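S.K.: The residues making up each chain are set out below.
Number of protein chains: 4
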Amino acid sequence: MSTTDRELRVGMVGYAFMGAAHSQAWRTVNRVYDLPARVRMAAICGRDAGKVADAADRLGWETYTTDWRELIARDDIDIVDVCTPGDSHAEITLAALAAGKHVLCEKPLANSVAEARAMTAAAATAQAAGIRSMCGFNYRRVPAVTMMQQMVAAGRLGTIRHVRAVYLQDWIVDPQFPLVWRLQKDKAGSGALGDIGAHIIDLTQFVTGQRISGVSAVTETFVKERPLPTGSSGLAATVDGSGPATGQVTVDDAAIFLARLDGGGLATYEASRFATGRKNALRVEINGSLGTLVFDLERLNELEFYDATRPAAEQGFSRILVTEGDHPYMSAWWPPGHIIGYEHSFTHQMRDLVEAVATGADPAPSFADALQVQLVLDAVERSARLGSAWTEVEPALAQVAV
Amino acid sequence: MSTTDRELRVGMVGYAFMGAAHSQAWRTVNRVYDLPARVRMAAICGRDAGKVADAADRLGWETYTTDWRELIARDDIDIVDVCTPGDSHAEITLAALAAGKHVLCEKPLANSVAEARAMTAAAATAQAAGIRSMCGFNYRRVPAVTMMQQMVAAGRLGTIRHVRAVYLQDWIVDPQFPLVWRLQKDKAGSGALGDIGAHIIDLTQFVTGQRISGVSAVTETFVKERPLPTGSSGLAATVDGSGPATGQVTVDDAAIFLARLDGGGLATYEASRFATGRKNALRVEINGSLGTLVFDLERLNELEFYDATRPAAEQGFSRILVTEGDHPYMSAWWPPGHIIGYEHSFTHQMRDLVEAVATGADPAPSFADALQVQLVLDAVERSARLGSAWTEVEPALAQVAV
Amino acid sequence: MSTTDRELRVGMVGYAFMGAAHSQAWRTVNRVYDLPARVRMAAICGRDAGKVADAADRLGWETYTTDWRELIARDDIDIVDVCTPGDSHAEITLAALAAGKHVLCEKPLANSVAEARAMTAAAATAQAAGIRSMCGFNYRRVPAVTMMQQMVAAGRLGTIRHVRAVYLQDWIVDPQFPLVWRLQKDKAGSGALGDIGAHIIDLTQFVTGQRISGVSAVTETFVKERPLPTGSSGLAATVDGSGPATGQVTVDDAAIFLARLDGGGLATYEASRFATGRKNALRVEINGSLGTLVFDLERLNELEFYDATRPAAEQGFSRILVTEGDHPYMSAWWPPGHIIGYEHSFTHQMRDLVEAVATGADPAPSFADALQVQLVLDAVERSARLGSAWTEVEPALAQVAV
Amino acid sequence: MSTTDRELRVGMVGYAFMGAAHSQAWRTVNRVYDLPARVRMAAICGRDAGKVADAADRLGWETYTTDWRELIARDDIDIVDVCTPGDSHAEITLAALAAGKHVLCEKPLANSVAEARAMTAAAATAQAAGIRSMCGFNYRRVPAVTMMQQMVAAGRLGTIRHVRAVYLQDWIVDPQFPLVWRLQKDKAGSGALGDIGAHIIDLTQFVTGQRISGVSAVTETFVKERPLPTGSSGLAATVDGSGPATGQVTVDDAAIFLARLDGGGLATYEASRFATGRKNALRVEINGSLGTLVFDLERLNELEFYDATRPAAEQGFSRILVTEGDHPYMSAWWPPGHIIGYEHSFTHQMRDLVEAVATGADPAPSFADALQVQLVLDAVERSARLGSAWTEVEPALAQVAV
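Sequences listed follow chains A, B, C and D, in order. Count the first sequence with our numbering and you get residues 1 to 402, in order. Count the second sequence with our numbering and you get residues 1 to 402, in order. Count the third sequence with our numbering and you get residues 1 to 402, in order. Count the fourth sequence with our numbering and you get residues 1 to 402, in order.
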C-alpha cells in the first residue's frame, strides 16, 4: 500500500454482479499498485436493507444505507461508484456531481441519448470545478486491449480497413429462462445491444481511435414471452414453476449491424445472447494495411498480432501472452505466464481513476466518450426500426456545448 | 479404378487455377473411388494455342483446341467442364446444353441474374432430356462441410438463430498489386463479393437448408486505381514497373452484409481481399437452439461442434478431426488423422457428378441452387447501391417456370 | 463474509512472490466464500525489518516481526503459513506444529527426504491432537485440475495408459540472468526439478490417484556459471554489470524423466527453465482406455476432454470452459465465460484449509502426500546421478509409522 | 509435364496403404512439377494375383506381377519402390541394387541393424556405379518440416536445448482389435517404436542436424493377446467373432525414451498406439537459445515459431501458414491458404528422387541416414531390455566402411 496518507472515500450504489466486481477491485487496488491515495470503502447502498447489510459485511464496506441520496449527502464520501441498472444512472450521477462527488458510472452511461447528454454536460460543468467523471467500460483495461490501442496508435496496423466485433453469450437460449430486469426495456434500456453491444462499440472506437459514422442494423427478439422470475443473482435466475405467469420481453435478444468508421474502414458488429456455446465471447479483429490484431475475452491474456512488415515467409499470427512485467498494468501481478482474470480489469480501472482523482487529471473513458457510444446505440436502434436503413450517428459535440 | 467399361469423356474449357484443380480431380477420381463410369480426359480448350498445348501435356488431357465451339461439337465428349471467367459461362454453357452435353460450370454461375436465369431454364429443359447440370461450389464437398449439412438436417442444432460467415483473403492489400481480370467488372462480374462471397452464400444456404430472404449491404473499393499487369497466373501476377500505366478497379474489394434467413435466423456476411494475414479464411459459425457448428477452411479437416444437450459441466466445443473412414467422402483416403487438402473437394465433386451422370440422377448444386446464390449477390449489390437499404432477395421459382 | 464469529488468525512467514500470492488469497477468501470461520491476517514475518514493515502495510497484515520464533510463540496465531525458501521449511514447520499451530507449508515440502519424513511424522503426531497440516500444491485447486481428478475418479478415462507432463519456463535462458537463490542448491534444494517438477509430480499423482513407482532420469545444467545478483523480486532480478563476480549454478536447469505408475501406465515428465517462449507452460495429458484429458496452465480456465464412448463420427477434443457455477470452486466467482487467473488457486486453497481447520477435517494435500512427491524427486536425482539407471521410488508408509 | 523425353520407369513392390500413397505421388509428380524426367508407372508387384491385378488397374500401373524377382529382372525398370512390410526390405532392396536399379525403400529401412548395415553398404557400393538409394521418411518433405530444418540450419534457434517429440495414435486401444501384421515382430520388426517412433527419430535428427548419442527407454505392450484377424486393409482390420482364436502380440504398444543429442541438448520421445483421441499426432517442439519451433502433423500446413530476438513485448508463437509460393515445395500447388494434405509429402519425395536420379545427385535421406535411425531404435530396444539403463547409440560410420 502506498506510503501516502491521502484517502479517497468511496460510496458504491448497487451490490449485485457489478457491485461484487467493483468491491474486489476497490479492495485490491492499493495492495498491488503504489498510488498517490488510499481507497477507503466507506459506504455501500442498496434498496433491500437486509441484503445490503449482508453485502457490506461480505464485500468489506464500512457502512451501508438504503438511500442513495443519503450516501451522496455524506461529507466523508469522495467518489460515488454507480453500479445500478441503467434506469437510475442519470439521476444518481447528476445528483452526485451536483454534490461535488467524483463519479464512476457503470456502462452504458444511460438508457437514452437525452440522459447521456445531460450527464455529459453536467460532467463538463463539474470538471471545471475539479470534479472527475469516468464511465466503466472496464474492458479498455484488459492489458491486451490497452496494448491493441497502443499498437494501433503507434501505426503498427497502418490504415484500418476492417473491424469485426462480436460479443456472444448464450445465457437465455432456453425459452424458460425467466424475465429478469435485463430483459425489460424500462430498467435495462436495451437488451444485448446496450448490455454487451455497448462494450464492443466502445472497445473498437477506443482501439482504432476512430468513430462510427453510420450504421445499418437489424435487431431481433427470438423469444418474446418468458416466465416471471422468482429470484435472480448476477446473470443467473430461478423460475417458480407453479403457474402460468409470463411477461413480455421488451428488449432485443440480438443485434447485428454494419458500420463505417470515420477513417474509411468497414465494420461489422454483433451482440447476442443466443449464441449457443459462447459464454463471454467478445472477439475483435482489426485489419490494417500493415497488420492485424485479434482479441478474445475468453482468452483475455492473449493477443494475436499479424505483422505484414515481417519477412514474407515468416509472417503469421503471433499469440502474444500479455503477462510480461512491461505489458500494460502487468507490473502489479505475477511472473510471466501466470494469467490474470476478468476481475483484474476493474482493479486496473480503479487504479487509473484513483490516480486521476489524486493528481487532478481527467480519467478516460469520459462521459463524452460514453455519450459517443450512446449515440451509436441510438443510431442502431433507429436503423433497426427503419428496416435497417442507413443511419448516420448523431454528432456529439455540438449539443454538448452550452 | 472401377471394373466398369463405361466411359465418360470430359472436355474442359479453361486451364488456369481452376483448370489445374479440376484436372487433378478428374485424374484422381477413379483412382480412389469405385464408380459406375471411368473418366477420360478427352480434350482441353483455351485461347492461346501454345499455352493450351502445354497445359494438355502437363495436366494430362488427350487433345486440345483453341475453339470451345469445336470442343462442344465433338461427338466424343460427354461432359463439358466450364472453368473460364464468369463472362463466358452463359454462352458456353447454353451451347453445351443445346448440344446435349452434361455441364459442370464453375461458380458463380454467371455474371448477371439474367444470364443465370437463362442457364437455369436451359438446364431444366435439358434435364427433361436426361442431360445433367451442376455448378462448381466445391466447398460443399469438403467433408466437414458435408457433415455440417448432415448434422443440421438431422436436427442437431435445433432452431437456427445465427449464421456468421466470412471469407477473408489479403492478396490485394498492396496497392501496387496489378489490375488482373478478377478486378475488372466486365470479366469477373463482381469482386470479392462474387468470387468469394458467393462461396459463403452457397455454403450457408446449403448447410442450413434455408434461403436468405433479404439483405442490407455495404461494399467498398479501397484502392481505386491499380497498375496494369504484365502477366498473371492463378491469383499471382506481375507488374511492369516501366511506366505510369494504370487502370480503374471496377469491382468491390470488400462486401459486408446483414441478412435474414427464411427460417427466422439472423446472419452476417463478409467477403474481403483486404484482411491482412487471412489467406483463405472461409469461416462459418452456426448457432442453433441445441448446438453450434464452426468451420474454418484453413483447417478444413476439422469441425467444431458444441452440443448443448450434453451434461452441462462437460459441454464444450469439440474439435472433430474429420478424417475417419465413416466421415463423408473419407473412405477413399488415408487412415484417421492423415489430413487431406483443398484439392480433394474437387475430387469429391467429380465423384458425385460422375455417379449422377452414370446413374441418371441430378447432381447438386443444381443451376437453380446457383441461381439462388446469384439472386442474393444481386440483392447485395442493389442494397449497396441504395445506401444499404433493406433489399428482398428476388424469388427464383416464378421466373424459372415457362 | 460468513456470519460466523469464529476467527482463524494467520501468521505468515515470507513476503516475496509466494507471500504476495498468499496474502491476496487470505484477503479474498471470506469475501467470496461463505465459510465457518473468518480469517484474520494477524502477522507477517521476514528477515528485513524495513521490507517486512512495508509488506505488512501493502499486503494488509496487522503486525509484523523479523523473528519467526516470536510469531510462532504468539497465542493469537492459529495458522502458520510458511512461504520461505525450502531450506527453512522443516525448521519453521516443526516448531509451529510443536507449538500447536496448524500449518500451511509451501511446496516442495522440504529440501530433503529426511526433512520431509520428519515433517510428515510430526504432522501425524500433531494430527492426533487436532492440529492440521497442508502442503501448498495450489494447482490442485485450479478448477480444471480438480475437475480432471473428479473425472478420472469417476472412471471416465478407464484404465490409465499414458501420462505426459511438462512444466516449461524460459526465465533463465539468458546466460547473463543472475545467480538468484532459486539457482543455489543450499537454499532451493534443487532447480527446475524441485521448483516446477514438483508441481507436475503432485498434480499427476493427484489426478490419476496413482503413485509413481520408479523413474529413469536425466538432469542438466546448461549454464554453469552466472553473474551474482544485486537485487531480485519474485522471478525477476538485476545484475550489477560493474564486475566479474560470478558464481556457480548448483541446481539443475532442466530435468527429464520416464516413469511407471503403479496402475500400469507409462509417463514422461519434463521440467525446464530453458524452454524459450514457454512462460508457465504446465501441460498435462492423460490417456486412458476410454478417454483423454488435457490441461494447460497458460489457459487454466479450459479443460480438453476426449470421450471415446461418444458416437465415433462425433468424437473430438472438447474445450470445456471451466467457468460454470457448478464447476469446482466457481460458484464464488463471475458469470460463465468470465475467466479467473493464477491467484485464484490460492483463494481456493485457503477456502479448503479454513473449512478443514474450522470443521476438524484433514486438508489435502497432506504432508504425507507431499512426502510422496519428495520421494519421487529423490528417485529422480538418484537416477540422474546413476546415469539414468532405473530407480524405484522409496516407499513412504513404512518409515512414517512410529 | 516436363518437355523432356527422358523417362524413369518405376516398379513398385507392395500395394496396400503405402502402395496407394506412393501411386498417387508417382501419378501426380510430373503434373505439378517441371522435372528433368517423366515417371512411367511401369509395373506393380504383389503376392495375390487377383488383388495385384485390381491394384494395377485402380492405381494406374501398366503391368503387374506376383514375383518381385521378375520385376527386378526386367530391363525396362529404372527405379524399384519397396513398399512391403519391413521383413522383406533387405532382401528386395539388396537384389534391386545388385540388378542396378535405383531404390526407394520405405521406412524403417529394415527390421534389424544387421540388415540395415548390409543395405547401407550395398547402397554405398551401388552409388559408386551411379545407382541412387533413398529411404522413405516422407515427413521430411512436409513443407513445414523442411522449413524447420532450414531455419535451424540458418541459426534461427541458436543453441538447441530441448527436443520433445511424440507420435501418438490410438488405433489399437480396443483390446478386440485384431492381431494384424503390424503387431507381429517377425513381420514388422517392432511396434509403435519402429513404425512411428522411427519417424520422429529421423525427423528430429534431420531438423536439428544432430544425432542422438544415447538413450534411456521403457517399452510396454498393454494388450498382450489379441484375436486373429480375418482381413485387413491399411490400418483397418476385421475380426471373425466366431471363435476363441487369439495370438500373442509380439511388439511394443508404446515406447518412451530420454535422449541426449550430440550437440548437448536433452530430448524426450514417445511413440504410442494407445493415446486415445490422438489419430496421427506427430508433434515436435524444439527449444533453442534464440527461439522455438513447433510442428503438429494433424495441422501440417502450420508451423509455430517463437523468435526470442524480437522486441520483448511482442514475442509470441507465430502460426505460419506454410502455403505461400516461396515456402518449400509449395510453388506447385494452390494459392496461399489453400492447404495440402498428407499425401503431398510423397509427391514432394518423388520430386526430389526423380530430380536426383535424373541429374545424378544423391537423394536424402540416404540409407546411411536411415541406418542411423535404426541404430537409435536398436539402442532403445536394448535400453528397454536392460531396465532402461543408459545406452549409447552405436556409431554407424566405422562399420559401413568396407
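In case anyone wonders, no lab produced these hints; they're calculated from the structure. Nothing here was measured: the structure is a model prediction, and the numbers come from that model. Hints may be right or wrong, so weigh each one.
Any copy, or any two copies together, can satisfy a pair, since identical chains are not distinguished.
To be verified - Below, a list of computed lysine to any residue pairs in the SDA-like style, where the Cα atoms sit at most 25 Å apart: (1) Lys51 x Gln210; (2) Lys279 x Arg156; (3) Lys51 x Gly214; (4) Lys51 x Arg40; (5) Lys224 x Asp75; (6) Lys224 x Val294; (7) Lys51 x Pro395; (8) Lys187 x Pro85; (9) Lys187 x Ala37; (10) Lys187 x Glu62; (11) Lys187 x Gly341; (12) Lys185 x Glu302.
S.K.: Between Lys224 and Val294, at a C-alpha cutoff of 25 Å, which is it: within one copy, between copies, both, or neither?
M.R.: The answer is neither: 34 Å in one copy and 27 Å across copies each exceed 25 Å.
S.K.: Checking Lys224 and Asp75: alpha-carbon separation at most 25 Å within a copy, between copies, both or neither?
M.R.: neither (47 Å within a copy, 62 Å between copies)
S.K.: Is it within, between, both or neither when you check Lys51 against Gln210 at 25 Å Cα-Cα?
M.R.: neither (43 Å within a copy, 46 Å between copies)
S.K.: For Lys51 vs Arg40, is the C-alpha pair at or below 25 Å within one copy, between two copies, both, or neither?
M.R.: both (21 Å within a copy, 24 Å between copies)
S.K.: 25 Å Cα cut-off: does Lys187 pair with Glu62 within a copy, between copies, both or neither?
M.R.: Cα proximity of Lys187 and Glu62: none, with 29 Å in one copy and 43 Å across.
S.K.: What label fits Lys187 with Pro85 when the C-alpha limit is 25 Å: within, between, both, or neither?
M.R.: For Lys187 and Pro85, only the intra-copy Cα distance (6 Å) is at most 25 Å; the inter-copy one is 54 Å.
S.K.: Which holds for Lys51 with Pro395 at a C-alpha limit of 25 Å: within a copy, between copies, both or neither?
M.R.: So Lys51 and Pro395 fail the 25 Å test inside a copy (42 Å) and across (54 Å) alike.
S.K.: Between Lys279 and Arg156, at a C-alpha cutoff of 25 Å, which is it: within one copy, between copies, both, or neither?
M.R.: between (31 Å within a copy, 20 Å between copies)
S.K.: Indicate which option fits the pair Lys185, Glu302 if close means a Cα-Cα distance not exceeding 25 Å: within, between, both or neither.
M.R.: neither (35 Å within a copy, 35 Å between copies)
S.K.: Checking Lys51 and Gly214: alpha-carbon separation at most 25 Å within a copy, between copies, both or neither?
M.R.: neither (44 Å within a copy, 49 Å between copies)
S.K.: At most 25 Å between alpha carbons: which applies to Lys187 and Ala37, within, between, both or neither?
M.R.: neither (35 Å within a copy, 38 Å between copies)
S.K.: Within a copy, between copies, both or neither: which one fits Lys187 and Gly341 at a CA-CA cutoff of 25 Å?
M.R.: neither (29 Å within a copy, 32 Å between copies)
The structure fails hints 1, 3, 5, 6, 7, 9, 10, 11, 12 (numbered hints given earlier, in ascending order).
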